[in-house]
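Novice: Can you join these two chains into the complex? Each is in its own frame, and there are hints to help.
Chains as they are written, first to last, in our numbering: chain A, 73 to 353; chain B, 10 to 310.
These aren't lab readings, by the way, just hints derived from the structure by calculation.
Just so you know, even glycine gets a beta-carbon here, dropped at the ideal spot from N, CA and C.
Accuracy of the hints is not assured; some may be wrong.
[What the hints assert, rightly or not] Computed list of lysine to aspartate or glutamate pairs in EDC-like fashion (alpha-carbon distance at most 20 Å, straight line):
#, chain 1, residue 1, chain 2, residue 2
1, A, Lys231, A, Asp292
2, B, Lys21, A, Asp350
3, A, Lys91, B, Asp134
4, B, Lys23, A, Asp350
[Said to hold, decoys possible] So the derived label-pair ranges between C-beta atoms look like this:
#, chain 1, residue 1, chain 2, residue 2, range
5, B, Glu77, A, Ala336, 25 to 31 Å
6, A, Pro320, B, Gly22, 52 to 58 Å
7, A, Gln112, B, Ala137, 38 to 44 Å
8, A, Ala274, B, Glu77, 32 to 38 Å
9, B, Arg80, A, Lys91, 36 to 42 Å
10, A, Ala336, B, Arg80, 25 to 31 Å
11, A, Pro294, B, Gly46, 57 to 63 Å
12, B, Gln75, A, Leu151, 46 to 52 Å
13, A, Gln347, B, Gln141, 30 to 36 Å
[Stated by the list, open to error] Which residues of chain B face chain A? A partial, calculated answer using Cβ under 8 Å:
#, residue
14, Gly54
15, Gln59
16, His61
17, Arg78
18, Ala79
19, Leu82
20, Glu83
21, Phe89
22, Pro92
23, Tyr97
24, Lys102
25, Glu105
26, Ile106
27, Phe107
28, Glu113
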Amino acid sequence: MSLFYRQLRGELWKLFARKRTYIGFGAFLALEIVILIIFQIPKVQRSWRHFIERAGGGFDEYFSGLTLAFQVVYWTTFLLGGLYIALVAGDVVSKEVEDGTLRMTLCRPVSRVRVLLLKYVACLIYTAVLVAFIGVSALLVATARQGTGGFFVFQPLEKLFVLYEFWPGLGRYLASLPLLGLSLMTVASVGFALSCFNMKPAAATICTLSYFFADLIFRDIPYFESIREWFITSHTDTWYNIFRVPVPVQLMVEDYAYLLAVNATVVIIGALNFQQRDFKS
Amino acid sequence: MIRLHNVAKAFKGKPALHGLDLDVPRGEIFGLLGHNGAGKSTALGIMLGQVHPDRGEALIGGVSVQQERARALEKTGAIFEQPRFYDYLSGWKNLEIFSSFSAEVPRAQVEEAVEIVALGARIHDKVATYSQGMRQRLGVAQALLPPPDLILLDEPTNGLDPEGIHEMRELIKRLNRERGITVLFCSHLLSEVEQLCDRVAILNRGRKIFDGRWSELTTDKQRVRFEVDEWERAAAVLAEIPGVAFGGRAEVLLNDGAAVPDLVKRLVEAGIRIHAVEPARRNLEQVYLEMSHSGGEDLNA
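So that you can see chain B by itself, here it is in the shape it has in the complex (with noise of 0.2 Å):
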């Protein structure tokens, strides 16, 4: 759905991104997770052809925005972290003037998108008069109008309270399984990201350092969790093979040709009782600030 090929940019020769690659699967729900200033925007900027990139460029639905901007954003809709309203003017108003920039739009589609949102009640009110909450749903409504295949979020929970939070997150949840929509779900706020996207890219300082199912970055072939009745003579035991280092209480790190069989072998024949082996899977907030604090290097690799 979405292709970015060695897309790079610079601000007043500071890099923003490095010959970014990217593919984001139709029907999907694509995390782009980054510390503040990592280039997620930078990134969105180019797919919405808002930032011009130095080299490469942004296919949406196989059709460059460089090229053909106004064709390849026929079927997308965007929103960012605070979306900016005419506060003067109605969210009806609103909805309808955004609207009119993409196709007319009958009014039963209008009506549709407001109701998807919870909005119907206060859409014909000022949006100075709405709270935060309600500003990020109208935002979410002009992103469906007219019906796109993908919706681009920028940090859309940004300010929001818990309940927001959470409503926002069904939201797009429903989307994504009742419409069909892809969602490319740009956040630093680990959590969101985890609870919401099948697969996730992670930027750091303008590269990418991973890209992949969220089970590929918390799971590590090479440490096991043991679950025996006596760790430490079960540690004395496998100590004793070589290649066998510790990570952690109940874990073992596997280096040299250690295999797992072996070790269960080893353990079963001192007589240890074993409940349980398993690939141990990391803290997730744990994983993600090393690979965060590693400096750029390509996790993938």
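This is chain A alone, in the form it adopts within the complex (with noise of 0.2 Å):
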């Protein structure tokens, strides 16, 4: 086994072995169940009857678990994704330097810059899984509850109305989780990069916060409509356009490639830093 594999086995560990990581699971599993129930109300199912009709497909056709699922994904992300990635990722550094056990890790002959390599490493994949949990019990918690079907696409903010059969739905539904994942890695960036600043944990994880609800709020300004571009949630939105017919591949290897150079020039901004830091009781 590679020291390399080890060190990043060993990070893993570290990150997935606080209570706060597997607490945080179940609080995605809760707020899925909570989103569900919400679709549940009458009223509510009126609403999706009105819009799915209007997009010209039956209601108990449309109204299924990959609606659903969907519809989770979303929400979830958006209420507690970003915000449980920028806490993981604005303590992977600075933590670690609060608690003294970075102090421990950098006597050590490992250069600074691999204990960086390994732990944004470890967000990336932290992202990732946590994506893959929001996406898998998403889908199986809907499915339980409203069965397979047709998928109803629907984000009014995107002007998107589009409906699948099942297993063509099943097939793009599957394939965002990969772009959804690459559009929240860029919140990691941005937290994994201010916690390599000599700032407490919770300041990075806060600026993260704050930098994407501004960037947010800012871009849905009409009179910011002409440099919608410059703001990073722009870009980190395009994962909606794998359920576009016919998908615009080139707008969304734009888009990655973007945030890919935001990602970049963030993380090596913190490791930059990092580097020049005194470490001392």
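Specialist: Structure representation (structure tokens):
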């Protein structure tokens, strides 16, 4: 087993053995169930009947597990996903500095760059696992309640109204999860980069969340419409585009290239700062 | 084993070390003594590459920490005053995680380190359930993985009860004696350094004010203690000799060429029975306090 793999395994062990991590997964599951319960309210269902029928589908066919799973993933990610990823990424370096465990690690003949690389990769893996958990658990819970059927993708802010049969819909749904994961990795990258600075873990998390909320709010202000592409959340939202027919591949590639550049830039800035720091009790 | 050459560091413009030079020979237990804030931890941080010096460099085993940190620290272990661990993981898992940053450590080596620090019965328990003494021992175990040639210890007995301090001291001595590990022991506790270390360097406000053996520190060749039958009469005889002053009861300070054989001769001629004449050994604590309040003056000079 290579040393890098052993070290990465240690990082992941540290991350996933924390009570907060697995309690977090429980919290996501609870939120998913709450959202599903809201979708059972007759008034809400009447609205859905209206939307589905206006899109040309039948309510009984398209108010299905897949349709609800997508809504659950969207809302869960919006309400909790970013928060949890910012919390984990904002903690990953700064909490270890605060606790003194990073100083123990830095007694070892390992470069700071390698320590950061391991932690960053662990953050990305956490993001991927979290999205996979949200996506799969939402699908299982929603299908258990609502059964299989067609897939109505409904995202009015993005002007997205598409009907799919079950299998093509399932394919698009599963394909959207890695893309959502890629989008959320930008939240992880910003949180991680701030965590490399000399600040409290909570400050890194709050700064990350504040940035993304501000970005989201400013993006949707009408007089910023002309510079919409300057906002990071305009690009992180590109994962919905997998549901469009046809899929705007070039736009998505551009968006993810933009996000990749953002990730690389912020992580390098964080690493350069970390490299310059003195660690002392 | 360790060489610091003209190392200086300031934090936010406030100097922490002023051109420190230090040589720690291989195989010794070397003490770095100083008040809190004297610069010990900064020096240690520079040796470990955790603190960037403003000038100078630290060499471990002849390799520059600033130029080739990974190679310099290949055979170095360290523990701090309160070693920090992942409390929610077991002691064993902590050892695996920390040692993985040095090399692939075989299970047998981890078991051996656990046995050395006598943590075998609790090693698979969560660190959160450990006492301070057990944490310190776990700290020593992680410093032993993989087996080092040098261990840097920063106030390792802080927070320990007397039994824990004794255990830690014996453990350090054993590691040095049986495994030939060089130890750099940083402390502000004079008695700890005195009991453990062959040689010592004393830091005060970022400057080295002494570097040498304990005996050199406590023995003042200019101060002689007499053991005689009648000290009052002896003092009267000695007072007549030029260059003699008195430093305390039965202690004589020699100045201006006054020599011990002359003093002994005069006392014998006066019929005073002499039982012993020896260099006076000053109280170590007194010496240390004198030195550390001397404003950073180098007493080796």
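Novice: Does the interface hint hold: is B/Ala79 within less than 8 Å of chain A, judged Cβ to Cβ?
Specialist: It holds, given that the least Cβ distance between B/Ala79 and chain A is near 4 Å, below 8 Å.
Novice: Taking only the CA atoms, is the gap from B/Lys23 to A/Asp350 under or equal to 20 Å?
Specialist: Judged against 20 Å, a Cα distance of about 14 Å means the pair holds.
Novice: Does the nearest C-beta of chain A fall within a distance shorter than 8 Å of the C-beta of B/His61?
Specialist: Where the cut-off is 8 Å and the nearest Cβ of chain A is about 6 Å from B/His61, the hint holds.
Novice: Taking 32 to 38 Å as the hint, is the beta-carbon distance of A/Ala274 and B/Glu77 inside that range?
Specialist: Since the Cβ atoms of A/Ala274 and B/Glu77 sit about 37 Å apart, the hinted range of 32 to 38 Å holds.
Novice: Verify the interface restraint on B/Pro92: the C-beta must sit less than 8 Å from at least one C-beta of chain A.
Specialist: holds (7 Å)
Novice: Double-check B/Glu83 for me: the hint is only fine if its C-beta lies closer than 8 Å to a C-beta in chain A.
Specialist: holds (5 Å)
Novice: If I claimed the Cβ atoms of B/Gln75 and A/Leu151 lie 46 to 52 Å apart, would that claim hold in this structure?
Specialist: Since B/Gln75 and A/Leu151 have Cβ atoms about 48 Å apart, the given range 46 to 52 Å holds.
Novice: Under 8 Å, Cβ to Cβ, is where B/Glu105 needs to be relative to chain A, so tell me if that hint holds or is violated.
Specialist: holds (7 Å)
Novice: Regarding the hint that B/Gly54 lies at the interface with chain A, is the smallest CB-CB distance below 8 Å?
Specialist: holds (5 Å)
Novice: Would you mind confirming whether the straight-line C-alpha gap from A/Lys231 to A/Asp292 stays at or under 20 Å?
Specialist: With Cα atoms ~14 Å apart, A/Lys231 and A/Asp292 stay inside 20 Å; holds.
Novice: Please check whether A/Gln112 and B/Ala137 have a Cβ separation lying inside 38 to 44 Å.
Specialist: holds (43 Å)
Novice: Can you verify the interface hint for B/Arg78: is its Cβ closer than 8 Å to any Cβ in chain A?
Specialist: holds (7 Å)
Violated hints are absent here; each numbered hint is respected by the structure.
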